[in-house]
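Peer 1: Sequence:
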Amino acid sequence: MNNPYRKTVPFIRLRLLLLGVVAWTFGPALMSAQQGQSQGPKAQQVQLSGFPQGNNSASLQQSASPSTTSSVNTINTTVQVQGAYQGSVLGPVSGDGPVSLTFAEAIRRGLQYNLGTLDSSASLKQARAQRLSALSQMLPNIYATLLESGAKTDLQTQGLSSGVFGGGAVLPTVVGPYHYYSAEVNLSEEFSFTSLHNLRSADDARQAALMNGRDAREMVVLAVSGSYLRVLATQALVASQEAQVEYAKVSYKQAQDQMEAGTKAQIDANRSLVELQSQQQRLTSDKAQLAKEQMSLARVIGLPLDRQLVLSETLPTSAPELPGVDSAVKEGLDHRADLMAAGLQVKAAQQALNASKSEYLPSFSVNGSYGLQGVNPNKGANVFQATATLNIPIWSSGRVRSDVQQADAAVDQRKSEFADKKGVVEHDVRTALLDLNVAAEQVKVAESNRQLALSTLKQSQDRFAAGVTTSVEVVQSQESLGSAELDYINGLFSLNVGRINLARATGQAEAVVPTLIQ
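Under the working numbering, residue 518 is the last one in the sequence shown; the count climbs by one each step, no gaps.
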């Protein structure tokens with residue numbers, strides 16, 4: 001009796017043979033892919049320090065220094081702008097003549113065109129992209145594949161011959177050529193605590209970059225307002241020096257007239273002429289310094305250097321009411337953006353440490369595909385494939401331990417930086433209050449000295465005209481008045497810089513400073 005299954009056995013074996021050929025061909029690639037997945041996701045390490053890199057800063061420094069007169073010690077104020085905050089990109093400006101500029105407009109332009117603001121915006125954009133990259137590790141990956149394959153295989157090169165099968169089946173030595181087509185939609189998804197903590201770390205880093213951007217805007221306000229006040233102070237110095245030149249001209253004319261009348265010696269006229277020429281030279285130097293200060297201001301707010309600036313305000317003379325030390329310190333700790341950024345950097349490092357520790361834990365992945373396959377594009381069968389994989393780490397040759405130690409070092413470093421930043425904020429607030437109090441007293445003393453010096457000069461000129469004294473007393477009175485004027489202008493500059501420093505120290509520069517000068 002004939003066995004009905006006897007003829008089908010060779011065909012089954014032939015199909016198994018073809019499957020073996022496919023496995024022989026594509027097996028190494030599949031094994032390589034599985035080996036790559038078995039390692040699981042890797043923790044993203046953070047930098048050791050959470051502070052922004054680079055030497056970018058803006059500061060208004062105040063220190064005690066002897067006055068040009070011997071009557072009072074003054075606060076010497078300097079504006080220091082470094083790195084990106086010194087530069088800008090050129091912004092639009094109307095007309096071709098002098099540029100009229102208000103204090104608030106200068107700050108607005110600085111926030112828009114200063115390189116410090118632009119750099120911080122780029123850093124924030126990069127942090128957002130890094131968070132998006134971390135988020136992508138948590139989301140499914142879906143893609144489509146279209147495949148056309150053709151092959152011809154020599155079975156003898158694979159170690160197969162006709163003697164392998166029994167039953168009288170004749171096995172060809174060459175299979176093919178054969179073709180098949182495939183159109184599939186593929187999906188892959190991986191679940192791991194490492195990817196989750198990487199996402200949380202990237203999110204905290206993005207928030208820290210946002211706070212660093214706010215701090216950069218505060219620094220830009222500091223740089224622009226300090227430069228603007230420096231121009232106002234230099235303009236006041238030029239105006240004061242012009243008055244000194246006029247006083248010197250009057251004194252020289254008096255000495256010249258009296259010498260021609262024979263009531264004064266040539267030495268008095270010469271001494272007055274030397275004083276006049278010295279005052280004129282100082283005026284020339286002050287005007288050159290004013291041009292430099294205007295160019296520095298133009299650089300930080302994106303204006304062309306060849307345009308003259310016409311500032312709308314003068315240095316305010318009113319002293320502000322000082323807040324209490326404790327309330328000011330609390331306000332600084334609550335509002336300073338750089339302190340908030342340091343705290344967020346600690347959180348980001350802690351999440352990175354958790355991600356590193358999570359590399360010890362298993363991860364789960366799912367892969368699947370669905371589509372059509374067949375020997376003809378018009379005819380095909382529905383096919384699918386689904387795989388679930390649980391990866392359990394056993395031994396990683398110390399890689400995970402290394403990641404944990406690196407992340408733990410970053411946590412320790414950033415905690416130290418955060419604690420130090422608290423001290424920096426409190427130091428800034430207390431120093432700003434002390435400097436502001438001293439500057440307010442300096443203005444009062446300098447104003448009194450200025451009035452006394454002006455009165456003394458007028459008396460000396462009257463005494464010289466009456467022949468009671470020589471030009472030596474007049475020259476000394478002129479120098480005293482010039483020093484008193486310089487002390488007064490520097491005092492006003494220090495007073496207003498102190499107000500800006502206090503706003504910066506308490507984290508309120510962008511909100512408060514534009515309204516300080518009306």
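Derived by calculation from the structure, the hints in this document are not laboratory data.
Please note: incorrect hints may appear among the correct ones.
Said to hold, decoys possible - Derived DEER-like restraints, expressed as beta-carbon distance ranges:
1) 105 <-> 267: 51 to 61 Å
2) 423 <-> 133: 27 to 37 Å
3) 135 <-> 239: 37 to 47 Å
4) 405 <-> 154: 46 to 56 Å
5) 239 <-> 448: 53 to 63 Å
6) 312 <-> 139: 21 to 31 Å
7) 385 <-> 133: 47 to 57 Å
8) 96 <-> 419: 46 to 56 Å
9) 133 <-> 312: 41 to 51 Å
10) 262 <-> 308: 22 to 32 Å
Said to hold, decoys possible - Computed list of lysine-lysine pairs in BS3-like fashion (alpha-carbon distance at most 25 Å, straight line):
11) 347 <-> 422
12) 444 <-> 422
13) 347 <-> 125
14) 253 <-> 458
15) 347 <-> 357
16) 422 <-> 152
17) 444 <-> 249
18) 444 <-> 330
19) 357 <-> 415
20) 422 <-> 330
21) 42 <-> 357
22) 42 <-> 415
23) 264 <-> 249
24) 357 <-> 330
25) 249 <-> 287
26) 42 <-> 347
27) 253 <-> 264
28) 125 <-> 42
29) 422 <-> 264
30) 458 <-> 347
Glycine included, C-beta positions come from ideal geometry on N, C-alpha and C.
Peer 1: Quick one: which hint numbers does this structure break? Sort them smallest to largest.
Peer 2: Numbers 3, 5, 6, 7, 10, 12, 16, 17, 18, 24, 29, 30, in rising order.
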